[in-house]
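**Student:** The chain contents come next:
Number of protein chains: 2
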Amino acid sequence: MTGFRVLGVCGAARVGVLATAHGEINTPAFMPVGTQATVKGMLPEQVAGTGAEIILGNTYHLMLRPGAERVAALGGLHRFMNWPGPILTDSGGFQVMSLAGLRKLSEGGVTFRSHLDGSLHELTPERSIGIQHKLDADITMCFDECTPWPATEAEAATSMRLSMRWAARCRAVFVERPGYGLFGIVQGSVYPELRAESAAALIAQGFDGYAVGGLAVGEGQELMLATLETTVPLLPADRPRYLMGVGRPSDIVHAVARGIDMFDCVMPTRSGRTGQGFTKRGTINIRNARHAADPRPLEAGCACPACRCYSRAYLHHLFRAEEMLGPMLLTWHNLQRFQDLMRGLRGAIAVGGLSAFIARFEADEALGDIEPVSGMVEGESP
Amino acid sequence: MTGFRVLGVCGAARVGVLATAHGEINTPAFMPVGTQATVKGMLPEQVAGTGAEIILGNTYHLMLRPGAERVAALGGLHRFMNWPGPILTDSGGFQVMSLAGLRKLSEGGVTFRSHLDGSLHELTPERSIGIQHKLDADITMCFDECTPWPATEAEAATSMRLSMRWAARCRAVFVERPGYGLFGIVQGSVYPELRAESAAALIAQGFDGYAVGGLAVGEGQELMLATLETTVPLLPADRPRYLMGVGRPSDIVHAVARGIDMFDCVMPTRSGRTGQGFTKRGTINIRNARHAADPRPLEAGCACPACRCYSRAYLHHLFRAEEMLGPMLLTWHNLQRFQDLMRGLRGAIAVGGLSAFIARFEADEALGDIEPVSGMVEGESP
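Top to bottom, those sequences are chains A and B.
Here the first sequence stands for residues 1 to 382, numbered as in our numbering.
Here the second sequence stands for residues 1 to 382, numbered as in our numbering.
These are computed hints drawn from the structure, not numbers from a lab.
You may find that some hints are simply not true.
What the hints assert, rightly or not - Residues from chain B shown here face chain A by an in silico Cβ test under 8 Å; the list is partial:
hint	residue
1	H22
2	A37
3	K40
4	L74
5	F80
6	A293
7	R296
8	C309
9	A313
All values derive from a computational prediction rather than experimental measurement.
Where is the CB? At the ideal position from N, CA and C, for every residue including glycine.
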């Protein structure tokens with residue numbers, strides 16, 4: 001059982017604290033993704049330094065390599081990867097469907113071949129919960145089928161109802177311990193009646209938190225937000241709400257305004273590795289030739305080391321020269337940007353100023369990255 | 001002009017301090033290699049944290065990308081790469097011969113094609129010194145021809161005498177500034193008379209330091225040390241001596257015993273990226289299956305983060321999973337190991353105990369990596 005306190009609301013948005021076995025998380029929270037027991041290119045203390053209080057681990061990857069038993073024998077995922085804070089693990093369901101080969105879905109679960117070596121494996125609700133237990137996840141996610149997009153209402157209903165039966169099996173085998181929680185996942189694609197049926201089924205079972213799954217799979221922001229508007233009000237106000245796999249800063253801001261408390265996404269880390277930097281004024285491709293001689297930081301005023309200590313010209317050079325430090329620094333900046341955004345959202349909600357915050361956020365993004373003014377470049381350098 | 005003070009001697013070995021425009025360097029010193037304006041996979045503050053006080057930059061790489069003028073416009077190499085300490089740059093000569101295409105050597109210099117884009121470039125003594133000046137190197141190296149191995153005595157003589165004429169041209173155009181020094185490079189392959197002729201030619205011109213070049217190119221440790229034994233005594237005692245491109249810990253230890261003060265080598269960084277860790281007990285390939293479940297640190301007692309915070313099992317996992325953090329942590333450890341070795345050497349020389357230090361060093365290396373004792377593994381974990 002995890003603890004959740006709502007400290008303040010602003011419209012549908014909430015600011016709160018989620019208490020777990022390995023520490024407290026201020027919400028709304030963004031969880032950096034540490035797929036293979038590492039947030040790519042970052043030391044755990046650097047991740048924590050950006051303000052991240054919880055990270056996500058991937059059951060599918062970790063069960064295949066190094067294996068849940070190995071991680072358990074080495075003291076659990078926290079100790080294995082030297083992240084002392086809270087960890088949420090996904091159930092493996094989503095990644096089995098997107099990464100593994102030769103999948104076979106049945107009432108029991110999913111059999112599949114490892115994308116690493118072709119070996120045969122099975123994931124069931126019981127096995128997924130068992131693996132997450134071995135990893136010592138603070139927050140365990142129910143094993144579900146992420147309904148593909150697009151899906152007809154009939155397909156979405158069949159898929160969702162299977163996930164609800166699996167959720168009951170997860171609930172039944174989850175071992176309750178203080179500070180450890182199990183989250184259910186609402187499915188139903190973009191069909192409000194299915195979402196309502198799913199939410200009701202989960203609430204009847206009772207979970208420590210409720211995730212909204214099956215979104216950010218190609219439906220677009222408008223449909224995603226519309227689905228949140230009909231789904232979130234059905235979820236218990238006294239439990240955290242987690243929008244899985246989301247997303248861009250704009251997605252996060254608008255989902256928070258609709259009552260979402262938790263997010264995860266590979267975007268800041270994956271984009272960082274390819275040279276895409278997130279700033280208040282939108283994204284910047286640091287590989288672009290216009291940055292080659294630019295002495296300004298990636299984002300003026302940002303507290304991350306990439307912005308405090310280096311020029312755009314240097315970051316550009318690192319990416320052109322294919323140096324590891326480029327992805328390391330851009331990842332760091334992006335994680336800082338996402339955490340700064342969450343901090344800003346929490347502050348805005350706490351003072352009842354979310355609308356103004358969102359208006360400013362959108363105005364900044366609309367500005368776009370400003371070109372250096374010739375002759376002023378020196379004065380603007382860090 | 002750089003300053004050099006010998007603080008103590010032990011046989012031929014010396015402990016000293018080299019003063020440059022960007023700070024002091026305790027010798028014997030090992031210089032991590034930052035080829036493309038970054039020590040691969042490391043933040044500058046992490047490099048400094050291992051105890052490194054000076055790093056090496058490569059003129060050949062930096063002149064091609066991002067270009068010396070670009071670096072100069074951005075405030076010089078120190079500011080560009082956020083390394084506030086001393087920097088030594090090589091002359092580009094060695095790397096032109098080993099990396100570039102279509103080389104043409106003449107009395108004037110070398111014309112070559114960039115390995116990046118095939119564009120035509122020229123390096124001369126004057127241009128090399130000019131580039132190193134633009135980079136703002138604390139220590140500039142003379143442009144020379146690194147005599148290939150093997151070379152007949154006649155070939156070695158011709159090559160060495162060209163380098164001596166080039167050294168005079170370097171000396172002539174080097175701009176003297178306080179804290180900035182120019183080092184000459186003794187050539188002559190493994191021929192003592194040629195080495196003596198080269199040393200005399202350089203000493204007659206007068207340099208801030210003297211490098212021994214053309215070694216560690218395949219001649220083996222025995223010939224390398226024999227060459228040092230005849231060459232080093234010919235060099236001024238009041239100037240630092242730099243053995244270029246060396247080397248393994250064993251090479252460093254024995255070269256220090258023969259009076260060498262400075263070293264550089266890609267070995268700790270390059271090996272770190274492929275999973276080879278340097279320890280007191282020799283090298284460890286962390287990818288080896290025997291480390292997969294080993295909860296012990298890479299090297300017990302090592303102060304680096306890779307050893308303080310992670311198990312061999314975790315490092316093994318990172319390399320198997322091709323995670324960036326693996327190369328990052330192994331590089332960090334290796335740089336720490338090399339700097340710890342230099343610190344140990346300096347301490348041993350200062351107290352007149354170098355022989356005992358070397359005996360212990362060799363006994364430790366001979367031990368090899370110790371297997372975990374079954375049943376004691378848990379107790380040994382960090």
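**Student:** Take the hints in turn and mark each one as holding or not.
**Tutor:** Hints versus structure:
no.	hint	in the structure
1	H22	16 Å, violated
2	A37	7 Å, holds
3	K40	6 Å, holds
4	L74	5 Å, holds
5	F80	6 Å, holds
6	A293	6 Å, holds
7	R296	11 Å, violated
8	C309	4 Å, holds
9	A313	6 Å, holds
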